[in-house]
Amino acid sequence: MDIIEPLVKIVFIFLITLTTVAYLVLVERRVSAFIQNRIGPNRVGPAGLLQPVADIVKLFLKEDIVPKAANKFVHSLAPLISLVVAMTTFAVIPFGNSIHLFGRDIKLMIADVNVGILYILALSSLGVYGITLSGWSSNNKYSLLGGLRSSAQMISYELSMGLSIIGVLMIAGTLRLDKIVESQAQGMWYFWRTPISFITFVIASFAETNRLPFDLPEAEPELVGGYHTEYSGMKFGLFFLAEYANMITASAIIVTLYLGGWQLPFVGHIGLPDLAVSLLQIAAFGVKVGLVLLFFIVIRWTIPRFRYDQLMNIGWKVMLPLALANILITGVALLW
Amino acid sequence: MSFEQVVFYFLAVLAAFSAVMMILQRNPVNSALYLILNFFCLGGLYLTLNAQFIAMVQVLVYAGAIMVLFLFVIMLLNLGDDRRLREHLGLRMYLGIGFSVALVLELLFIFLFRSSNSAVQQSANAAEMGTVEYVGKVLFTRFLFPFEVTSLLLLAAIVGAVILAKKKTAE
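These protein sequence lines map, in sequence, to chains A and B.
The first sequence: position 208 = 208 (this note's numbering), numbered continuously.
The second sequence: position 65 = 65 (this note's numbering), numbered continuously.
Just so you know, these hints were derived from the structure itself, not from any lab.
Take the hints with a grain of salt, since some may be wrong.
Distance windows between CB atoms, simulated [what the hints assert, rightly or not]: (1) A:E5 x B:I97: 47 to 55 angstroms; (2) A:V318 x B:R142: 17 to 25 angstroms; (3) B:S100 x A:L328: 47 to 55 angstroms.
Lysine-lysine pairs mimicking PhoX-like chemistry, simulated, CA-CA at most 25 angstroms apart [unchecked claim]: (4) A:K179 x A:K68; (5) A:K9 x A:K141; (6) A:K317 x B:K167; (7) B:K167 x A:K179; (8) A:K58 x A:K72; (9) A:K72 x A:K9; (10) A:K72 x A:K62; (11) A:K317 x B:K166; (12) A:K58 x A:K107.
Heads up, the beta-carbon is just placed ideally off N, CA and C, and yes, glycines get one too.
Take these sequences, add in the hints, and give me the full structure.
As structure tokens, this is what we get:
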């Protein structure tokens, strides 16, 4: 019996994430069209709602081309690493309070581990291998440049990411994500309590997910397609999937750490049945993640890409001192 | 065999295999990949010992950060010519063989003659000892001095690295 509950949760999260990725691509195209004063894809199905299906079918039917000089095994392994890392990070994120179903309390997170945040940091530090290895194994100058850029970028921004989380951890006093969410009850979100940490963390998240303005690893105008220049068909699709899955996970982490997770103020006092409260909390989590995703997309289409030296300067000379200063300020405030 | 034992043997065999493959591979990038796999297995083994914190730090620091730097350097240097590397070995290879034989003999000695009379001791709070809280508490009380000395050492290393990097650009 013990194995069924996690399995159901895993399948549930997996399906939700895949569906969200498919429609996130559509949303991204529609929003970009809106910002650029175009219409965007609206032909497949009513209002273009079946566009994701068409895209996926196209990706599956395309020929899979592997360059002759490529390292075949690593070339196939790289997109898998990217996707697996992006999907498994979700395991420790609580997407709701416990729910009472079929006569038992079900905790709405897949893995309840003692070191939740460290698990997220550890996995996100592995995500860089997918990109670096794909760049190296393609045996292409542009791909290699993209791969090298991404490893330099990830190392620089991981540091400020980890340091900015410490501010939250100091207030919450735990590494468990469910406890962190619980400590943000009644609208006491960490977004208000540690604004510097929130800003540095969001910026670092943009860099970690390779989204504009930090998408130097793929930078189309300079590097053709960066690390995925030599990928086609569904292998390219996997990178695509991984990028959007990463975005969803990053948004979920931002919501969990800074925007109160599944907390919905005042909902406990109206006198609704428990099940309705649980469902509303899950919905609140979904809406918050959706809004952060929208923020990711709007930023992509409004802010131009940084130059490489600017990227490194921001990472080491602005973000790192800011994150360190935040730890100091939080420490002083806690003692005081 | 219990579930834990199955996991342990799987990870142990995989760790040994990846360690051997790391040495045997000609291509430095492949070697680095096997080393990453090895670090991963070690992280898993720490998990079977209930040491969640060490396991995560193993993956975060070794597999995640240090190996990325390794790969970065390997890719930039492009050490394609392994025959030239070989010529340097000579004496070092024989020394290495000598040391590894000595190590194997030591290990055999310990396992065959010493392990039987020193019974395995398990601490009463083994599950607690791996948690972040416990590690932090011990680091700041019992092992405070070594901890602070290590941080000083790291600071000195950082300053040294910065000076080395600066010199090159000045010339």
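Going down the list of hints, with the structure as the test:
1. A:E5 x B:I97: 47 to 55 angstroms: Hint holds: Cβ distance 53 angstroms, inside 47 to 55 angstroms.
2. A:V318 x B:R142: 17 to 25 angstroms: 38 angstroms, violated
3. B:S100 x A:L328: 47 to 55 angstroms: At roughly 48 angstroms between Cβ atoms, L328 (chain A) and S100 (chain B) fall inside 47 to 55 angstroms, so the hint holds.
4. A:K179 x A:K68: 51 angstroms, violated
5. A:K9 x A:K141: 42 angstroms, violated
6. A:K317 x B:K167: Holds, at about 20 angstroms.
7. B:K167 x A:K179: 48 angstroms, violated
8. A:K58 x A:K72: 23 angstroms, holds
9. A:K72 x A:K9: 35 angstroms, violated
10. A:K72 x A:K62: OK: K72 (chain A) and K62 (chain A) at ~18 angstroms, within 25 angstroms.
11. A:K317 x B:K166: Status holds; Cα separation ~16 angstroms.
12. A:K58 x A:K107: Status violated; Cα separation ~39 angstroms.
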